[in-house]
Amino acid sequence: MKTIEAASLAQQEFIKDHKRHHQFIRWARLAVLILFLAVWEICANAGVIDSFFFSSPSRVVKCFFSMVRDKSLFSHIGVTLFETVVSFLLVVAISLAAATLLWYSAKLSEILEPYLVVLNSLPKSALAPLLIVWLGTGINTIIVAGISVAIFGAIISLYTGFLQVDAEKLKLIYTLGGTRRDTFLKVVLPASIPTILSTMKVNIGLALVGVIIGEFLAARRGLGYLIIYGSQVFQLNMLITSILILCVIAMALYQIIQYLEHCYKKRI
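The letter at position 260 of the sequence shown is residue 262 when you use our numbering, and the numbering goes up by one with no holes.
Simulated from the structure, these hints should not be mistaken for laboratory data. Backbone N, C-alpha and C fix where the C-beta goes; we use that ideal spot for every residue, glycine too. One or more of the hints may lead you astray.
Claimed, not checked - PhoX-like mimics (lysine-lysine), calculated; alpha carbons at most 20 Å apart, straight line:
1) Lys268 / Lys18
2) Lys203 / Lys188
3) Lys203 / Lys268
As the list claims (entries may be wrong) - Computed beta-carbon distance windows for the label pairs:
4) Trp136 / Val204: 24 to 30 Å
5) Lys188 / Ser107: 51 to 57 Å
6) Lys109 / Asp184: 18 to 24 Å
7) Tyr176 / Pro131: 27 to 33 Å
The task is simple: from the sequences and hints, build the whole structure.
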């Protein structure tokens, strides 16, 4: 009985330590952010940096509320979010289908592997002008640009994850008379869910990067367009505000995928 009580107390102490650790991390992150903003504001007001070129937190806040009042900001944010989410979902669907096909056919994977590596290494910004020629300017070009940044790396990551599943489990399924389809659905895919989720966390950011690249060249709306427009007319407060909003969006999207990963880990 005493052993059980001691174990329970130790478990409670571990939980408390774990919570204290996470609270410390949260407060430390907040402190770093506040310190950065304070130093930025002080340097801009003291003339250490030129506030025209580097802006300042107070100027960014004023610019943000000015764009909110004329109702233009939410339209641009909505466009960028829509393009990013569509690109991300298509990347997930296409990469899962392609990785599955490569897992089913070893010959096909050997044939396509060098091409996937080359395409993944290719600077995707170099493809953007070509996409404009092929697809014109518009949302389709931007979505394809978002897909192109993430798709090849996602296929390679998922396929590699499929191959790393415990071989003994695969042998067991075959020994019990299971087919290759049974092996994939009952062993490979469930065992690869952590890999899929970690790949999704990377891909959501890459899809956003691709969308912004597309908006730089082929958009009249969106945060990427605001960044280019702000740089062209030297409205640098608008430019920096748009960049900071992109940072918030990237963090929010990442946190959503991380929350899904956390829910999955709690279930198992």
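Hints versus structure:
1. Lys268 / Lys18: The hint holds at about 18 Å.
2. Lys203 / Lys188: Outside the cut-off at roughly 24 Å; violated.
3. Lys203 / Lys268: The given pair, whose Cα atoms are some 18 Å apart, holds under the 20 Å limit.
4. Trp136 / Val204: 24 to 30 Å: Between Trp136 and Val204, where Cβ atoms are some 27 Å apart, the hint holds.
5. Lys188 / Ser107: 51 to 57 Å: violated, 20 Å
6. Lys109 / Asp184: 18 to 24 Å: Given about 21 Å between the Cβ atoms, the range holds.
7. Tyr176 / Pro131: 27 to 33 Å: Given a distance of about 50 Å, which is not inside 27 to 33 Å, the answer is violated.
Violated hints for the displayed structure, listed by number in ascending order: 2, 5 and 7.
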